[in-house]
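**Student:** Each chain, letter by letter, is given below.
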Amino acid sequence: QHGRLKIKSTAQQEEEKRKEREKKLKAFVSARDAVLKKRSAGEHDEEALQLTQQLLSSNPDFATLWNYRREVLLHLETLREKDEVQKLYESELHFIEACLKVNPKSYGCWHHRSWVNTRLPQPDWTRELGLCDRCLSLDERNFHCWDYRRVVVKESGVSAEQELQFTDRLIGSNFSNYSSWHYRSTLLPQLHPQPVPDSAPNTSPSPTTSPQFHSHRVCEEQLLKEYELAHNAFFTDPNDQSAWFYYRWLLGRAEREEMISCVYVSREGQRVSVAFSKPVHAQSEGLMLVLDGQPQQVEWRSAHPRFRHSPVWLCDLPPGSISDISNEHNLTIHWTEKHTHRDCALYTGERSAESWCRDSATDQELFRSELSVEKSSVLQAELQSCNQLLDLEPQNKWCLLTIILLMRALDPLGHEKETLAHFQTLKEVDPMRSSYYSDLCSKFLIENTILKMEYAEVRVFSLSNKNLTTLCHLDQLLFVTHINLSSNQLLRLPPQFAMLQCLEVLEADDNAIESLEGLYHLPKLEEVSLRNNQICKLSDLESLASCTKLTRLDLRGNPVHRTANIESELSQLLPLVTDLLL
Amino acid sequence: MSNILKTEAAQTKLLPAQTTETILPTFCLTESVIAAACSRVGQNVLHLDRRNYYAGNWASFTFNGLLSWIEEYKVIILSFSLRYKFMGTYVKFIEDETKAPLTSCQPVNAETVSEETTGDSTEAQDTVTGDDTTASDAKTQNEEHKVSEPKEEQHTSDISEPSQSQEEKDPQPISSPADPPVDVEKKITYQKLVKEGRRFNIDLVSKLMYSRGALVDLLIKSNVSRYAEFKNIGRILTCRNGKVKQVPCSRADVFASKQLTVVEKRMLMKFLTFCLDFEQHPEEYQGMTPCEPFREFLKNKKLTENLQDFVLHSIAMVTQQTLTEEGLKATQHFLRCLGRYGNTPFLFPLYGLGEIPQCFCRMCAVFGGIYCLRHSVQCLVVDKASNKVKAVIDTRGQKISCSHFVVEDSYIRDEQRQSTAYRQISRAVLITDRSVLPSESDQQISLVTIPPLESSAPAVRMVELCSSSMTCMPGTYLVHFTCSSSGTAQEDLAPVVSELFHVSTIPGEEPSEEERSKPAVLWVMYFNMRDTSALDSSSYSLPSNVHVCTGPDGSLGSDCSIKLAESVFHHILPDEEFCPPAPNPEDIIYDGDGPQAEGPGFDESANTEADKSQAEEEGATHEKSPSTESSDPAEMDSVTQQAPSDTTPSSEE
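Heads up: the sequence lines are chains A and B, in that order. Residue numbering for the first sequence follows my numbering, beginning at 802 and increasing consecutively. Residue numbering for the second sequence follows my numbering, beginning at 38 and increasing consecutively.
Chain A with its partners taken away, still in its complex shape (with noise of 0.2 Å):
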């Protein structure tokens, strides 16, 4: 053949793959129409085995036929002696092992494969971890690989510290695979625990602490070394994720303790209010209110219908049982799955009308939770090193929230100017996520407001001309009874507004608000201007009927005036409001 080759030609070339398609296609048809056939005839024999191995091979994705060798295996098995058994599997598990080569995601093969190895009589993990690095080698995000190695390794008693040499290589090799990350988050606490400190610390208030609390801690000198190994990666690589990812974990891992936060009484409305440190669902927890040594049979409820889980929860007491202004009341509020409880006393003469309890040594504590478990001088180099960073990386979003996040662990007020500046930036170099910024901004100006109020006793709340876009930690506020909101940008009175059960006069003017969902039983609320907002229909005033004593309303500038007929309408739903400002 000296000389130009001849070769054929594209077109030739393609009708030949063409025909070779349909060949296989036709095979393909009428294999899987003999299968089924045969697995409705209850066959259960080898060459059932064949044949569906022939069309999973070539299509490993067929979950029925699966199945069906199961069934095949399943039947087999009682056949024979336990050596052909430990064969049948072995060979089985070599299948399979073609068909991952075919399709390495597919759900039927790795679900089969560690079914199999239920059945193997002796089976060999040390092959199956090696399968695995294998094929993560080849592709470290595939998560069913993930999957069945974790099924591998609990099933083999591979050590915790080998797995964590294990993350060690991969996270070596490349950094950003958050799989790595996130097994090694899983591995630490089992390797390198925090030690349970011998007397509970002294700034707990709460005399029971779950036993649970330190579990998922890792102790200070393994965390140094995971912190510069975060260090390293974002450091090299500042937009990769996984990394920032890890850091936030590793920063915080203290979830809030779980107690009653506050309990507040008002004899005129007969009623209590719970607020917990996080949303509880209350006919579940055990809840036990205990008036004056009595047992209470009461009915509890969240402070908006639309909550399952409330982190206040209200209810009303039997009619008459604390009217009496002269008498002294001792009330309790067991939690009895926790075994915490909480005290309120109710006493005569000025202060009669109404009592609450609450924690106002908690409120350094009250918003920190997530990274303040950290001692602050590891808080504040881990700040330096975002700092630095920073002034290499001034436009890197993560950073910015990062070095956020660890001010405000750190002294939320004093840095509460950095903060918002750093907002700005990050707004202007993620805008796909300034809403989320603005958001987190709005929380964080929240909470130092609320950190701002000198005494828990403070009940005129202002929140005015703070850019806000969304209202949180409502929870804590359950005294209040002036907020003013007024030129921010909420768009809502979200339900959580109902925990407001002491309000009697909000002022959100100059806001953009469509709906007064949260408007709901506030029974105090006798007051509400709404100057220059959105709303638009009549129906979007509907729960303010619910607030009985709501005889102020101010609704000027707001779309909802054209409405035909609007005051005769207003006056239909709202009887009770004498003043409207339209």
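The hints are simulated quantities; they were obtained by calculation from the structure and are not laboratory data. Since we're looking at a predicted model, the values are computed, not measured.
25 Å max Cα-Cα, derived DSS-like pairs, lysine-lysine:
| # | chain 1 | residue 1 | chain 2 | residue 2 |
| --- | --- | --- | --- | --- |
| 1 | B | Lys366 | B | Lys338 |
| 2 | B | Lys307 | B | Lys295 |
| 3 | A | Lys906 | A | Lys955 |
| 4 | B | Lys295 | B | Lys280 |
| 5 | A | Lys1253 | A | Lys1267 |
| 6 | A | Lys902 | A | Lys818 |
| 7 | A | Lys1026 | B | Lys295 |
| 8 | B | Lys307 | A | Lys1228 |
| 9 | B | Lys258 | A | Lys818 |
| 10 | A | Lys1253 | A | Lys1079 |
| 11 | B | Lys366 | B | Lys600 |
| 12 | A | Lys902 | A | Lys824 |
| 13 | A | Lys809 | B | Lys258 |
| 14 | B | Lys338 | B | Lys307 |
| 15 | A | Lys1026 | B | Lys282 |
Chain B is nowhere near these chain A residues, computed Cβ spacing over 12 Å in every case:
| # | residue |
| --- | --- |
| 16 | Ala828 |
| 17 | Arg840 |
| 18 | Val886 |
| 19 | Glu898 |
| 20 | Asn918 |
| 21 | Arg928 |
| 22 | Leu1024 |
| 23 | Gly1070 |
| 24 | Leu1090 |
| 25 | Pro1119 |
| 26 | Ser1330 |
One-sided and incomplete, this derived list gives chain B residues near chain A with beta-carbon spacing under 7 Å:
| # | residue |
| --- | --- |
| 27 | Val291 |
| 28 | Phe292 |
| 29 | Val299 |
In this text, a Cβ means the ideal position worked out from N, Cα and C, and glycines have one as well.
Knowing the structure of chain A, use the given hints to seat chain B on it.
**Tutor:** Frame of chain A; chain B shown alone:
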């Protein structure tokens, strides 16, 4: 004369006479690529080499092969006769280093080779230019080699093997205390090296393949890659103040590096990211001084000294004088190659670089190219009017007509040169007992860049090959040193070698603690090679269809050779595609009209006939040029009688 021709023809399958379109002597990379490319598009290619092994200057030798290669050329040179231009002038050795002091750096010069024979008669239309393609001096114009091995107890025996005796007489410039007698059984003796010699594949040139370099692209494009296997270079090292450190160049390296501070990590990554698309940010580098050296630029970029060194010497691999834009381009090239096949930008072919020309030769042969070792061309038949070669006469006196003739630079006599300026490359090859930087895996190929001590000195490049690269026996490392010459190879490289390795000189002497911490040299050889890569067609006065290929250059990659091959190919066949993908075997149609119809030259009887007539015809032309005619038969006689390399058994196969 015709008698000789006849016997020759009977013995060897005669080379096709009329059908040859391109003839290439030597199997170096460039020639092999041209051969493959021509053959691929249907040209008849005859590929010859006067040597008895493939790949020419790109060859890989077994240890024994290398030793006999050294020996062989000594023999040739000793029995050198001016007539054997094609046989004996490949490398020029100091005849015997026991006789020649190593310090004499430019001793027997290969220039002596190029001699008279230029008496071309010019009156005739067809001129037979005797020895037009002269095997002038070799690349390795002056090659010294030195064989050394550590002396040990078990091996100071009476075996009087040449290398040992040589070594003892060697005035080693490196003064290092000798080996300790510890670890006796672990030590690898010289005998062991010889015994396991077949496990070595020692390259004459030392290069790596850039993952996105011209060579890799070509291997992929042409499907030639299927003929070879490759291994990643595992790490890039550098040597500063005698200390070997890893150069962080990939993202994973930077992440894992323990020698960089986090801020340095950021600065380095930032800089490298910038280099990736530096053209997009001209304001960053075109600043105030347009001709700013790269080094200054790095300084201005606020890279620490540490980082500047890494970038300059190990990543860009440029000199202190290199200008910014060139430095940026080099860095960019490095980075673009990174991560394609691994954590460094480089690949190395298993079994050595010599595999690569062979792969192209194989492709050429698949498409009908004809190969002949120990066979070369002695004259070109030039058509004076057109100044074109129309045929060649091979070393067996056969005339083969051709339309193009591609030849390696070393065949060109000085008379055909416009300029004889060329550079030299200094090389050293070592066999050592362990890696310069032991790590978890002992099977890594390492590139070590050694910055010059003074800015004027050349940077030295070292490639350390592990046994899994199939170039050395297990338990050893094969180390190549390369730099552009300023003196002899030994002058240039021995100081670096002794800085990194323990070279024992005096038997029985205890090495110092420091020496013992270094890998020991089991064997070393130094030689110089000619670097003709700077020459181009304007450097020669040759017929227009004679194309000269320069030899391997001193750079790390092979881009230069590949680009040259492509440009020669386009000269020969301006309208053809350069190395289009070879079809899959199943797409090739083998039907009835195949070989016979296309290859009439292979009908043997017809061929001999054709040849006879051709020889006669040739004789006729010769008559017109008596001067050459008289010289020719004599030459052929001697070829058949005593060509030494013909009779020397090839150590390769």
